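Take the sequences, apply the hints, and build the full model.
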Amino acid sequence: MMGRVRNHVRKLCVVFQKDVFFDVFPDCMPHVTFLDIAYFPDLAGCVEKLVTCFRYVEVLNLYYVRNIDNEVVDVLFSNDCLKRLRQLHFISMDGKPSNFIPKLCESERPLQLLNVPYSFEQVSSVF
Numbered sequence: 126m127m128g129r130v131r132n133h134v135r136k137l138c139v140v141f142q143k144d145v146f147f148d149v150f151p152d153c154m155p156h157v158t159f160l161d162i163a164y165f166p167d168l169a170g171c172v173e174k175l176v177t178c179f180r181y182v183e184v185l186n187l188y189y190v191r192n193i194d195n196e197v198v199d200v201l202f203s204n205d206c207l208k209r210l211r212q213l214h215f216i217s218m219d220g221k222p223s224n225f226i227p228k229l230c231e232s233e234r235p236l237q238l239l240n241v242p243y244s245f246e247q248v249s250s251v252f
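For the sequence shown, our numbering gives the first residue as 126, with consecutive numbering after it.
Just so you know, the hints here were simulated from the structure itself, not pulled from any lab data. It should be emphasised that the depicted structure is a prediction, and the values quoted were computed from it without experimental measurement.
No more than 27 Å apart at the CA atoms, straight line, and that leaves these computed lysine-lysine pairs for DSS-like:
hint, residue 1, residue 2
1, Lys208, Lys136
2, Lys221, Lys174
3, Lys208, Lys228
Have a look at this one:
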């Protein structure tokens, strides 16, 4: 479906329904630098597709996503994925995995903006 415009889209905002991610997007959308994903029910089931299809994204908004675990965080923040990421906005409906901040700190990305709601106790326990 998006295959015909894959080389023309720069900014993409998507509200997902379950099981449509693989059907809608091509293997790669190389010019998407701004990706806004909201209300996605299963990030764990498509994280590999996310990081390969949108590998050049610079701004990633993940709002009210579900099924985020330590393995998803490992993929998102591996040094081989999303190398151009500069801004991350993240709100999970399931809370944040325990390795979210440590893995982010280990990654070699110079983020300009990080928007992740945490309580003071959560942040102070990490740093």
